[in-house]
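> Chain by chain, the residues run as shown.
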Amino acid sequence: MSLLDLATQNLVSPMVLFFALGLAAALARSDLTIPEAVAKTLALYLMMSIGFKGGAEVAKSGITALMLWVMLAGVILSFIIPVIGYVALRAVSRLSPVDAAAVSAHYGSISIVTFVAGIEAVQGQGLPFEGFLVAVAAVMETPAILSALLLARRARPPSRDDEGESAGALIREVGLNASVVMLVGSFLIGWATGPKGLAMIAPFIVDPFRGILCLFLLDMGLVAGRGMREGAKHLSPPVLAFGIIMPLVSAALATLALMPLGLSVGGAALFITLTASASYIAVPAAMRLALPEAKPAIYLTLSLGVTFPFNLALGIPLYLALASWVGR
Amino acid sequence: MVVTHLKKRLEIIVEAPALHRLTDRLNQAGVTGYTIVPVLAGRGSDGTWSAEGLAGDAGRLVMVISIVDAAKADAVLERVYSVLARQIGIVTVSDVQVIRADHF
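In the order they appear, the protein sequences are chains Z and P. Take the first sequence: its letter number 75 is residue 457 in this note's numbering, and every next letter is one higher. Take the second sequence: its letter number 37 is residue 1249 in this note's numbering, and every next letter is one higher.
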């Protein structure tokens, strides 16, 4: 299937269309909203489902050398992508060192909903993928935060007052963030209980999954549209361009990293999607503690209002095409 | 007639990710209690914001209300400010009357 066919098929999927509906409704100032508690519940459901299914897959396949190599590649990419992003942002934009570090952290970390959208696209092509990629997603969440923190501290050494608290609070925030706990916890439960456990709760975590994903994407469209309406004035053209180009740079790096590894085409597409995605739940919360001077309007708008829609609509088909080169 | 006593009411609007830091400081400062209230939406120096639809804590604010004895208010405020100096937030202090003075 050509790249154009993949893109067209992706653009008319219910998920992308519900996201577009939310985006259009917010931009048109509709009163359509999803309550905060519902949005949080939907996000937890998605983490639970995706974690559990990944764990059940690993229970079947066991821990392999490939899994460990891909995890290592993911950790290294998560750590170095913020450095590349930071250098690029400082070179092309007028962002302060702290803002550049905070923005870059989002691009080194991952977005689980972009990953889920990638899974739907991969399954839509009838491609199998390795279940352990959920574990890869979990280990890629946090190295970027540490990397960005080191970059920011190089630019602005912390005062004696805030250093101790930042370190302690950040370790707790990063390690025990709700999305990480839910994803890793569900993965471990899925791993422990295997396909039998999955069969027991499939009517809850498998069957309604796509409908709930559509509802969550509607919500993301609403939040992204609201962010674009309010936050666009904070994004200069170079920063906006970064939101599109950086995922492509990350995707290219992921493709190179996959060359010697031998993932399946579906697995490779998902690994590239993970690397190219930008966090919008775990990292923004961590940045409010670690780098509170950084402006949230910049990194939230860029991650959710620019990079997420780009990945959802155009990035994922492109990553599928890249994966066909390096997947086996 | 009910006798009332003068106390200080601290009203702190703080970013949700920094809430635990703030409540830890309030506990350390020896306040006898506080109440956490969700806030929905508002407008600040960076424009309007709303908690609706947010799946994460960044971008969400909460309000913490604490009644303290006037003698302790300055010390509590110093602790509060040590957390909030770098965060988004608003701190106000006002005089209030309470009925049960020994609770605060």
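There's no promise every hint is true.
Quick look at which bits of chain P chain Z covers, simulated, 3 or more residues with Cβ under 8 Å [stated by the list, open to error]:
| hint | segment |
| --- | --- |
| 1 | 1218-1227 |
| 2 | 1252-1264 |
Computed footprint of chain P on chain Z, listed as stretches where at least three residues anywhere in the stretch have a Cβ under 8 Å from a Cβ of chain P [what the hints assert, rightly or not]:
| hint | segment |
| --- | --- |
| 3 | 406-419 |
| 4 | 498-511 |
| 5 | 603-609 |
Among the chain P residues that face chain Z by a calculated CB cut under 8 Å, a handful are [claimed, not checked]:
| hint | residue |
| --- | --- |
| 6 | Ala1285 |
| 7 | Arg1298 |
| 8 | Gln1299 |
In short, the hints are calculated from the structure, not lab data. Since we're looking at a predicted model, the values are computed, not measured. Ideal placement from N, C-alpha and C gives every residue a C-beta, glycine not left out.
> Next step is simple, just say for each hint if it's right about the structure.
Hint check:
| no. | hint | in the structure |
| --- | --- | --- |
| 1 | 1218-1227 | violated (count 1) |
| 2 | 1252-1264 | holds (count 7) |
| 3 | 406-419 | holds (count 4) |
| 4 | 498-511 | violated (count 0) |
| 5 | 603-609 | holds (count 3) |
| 6 | Ala1285 | violated, 21 Å |
| 7 | Arg1298 | holds, 4 Å |
| 8 | Gln1299 | holds, 5 Å |
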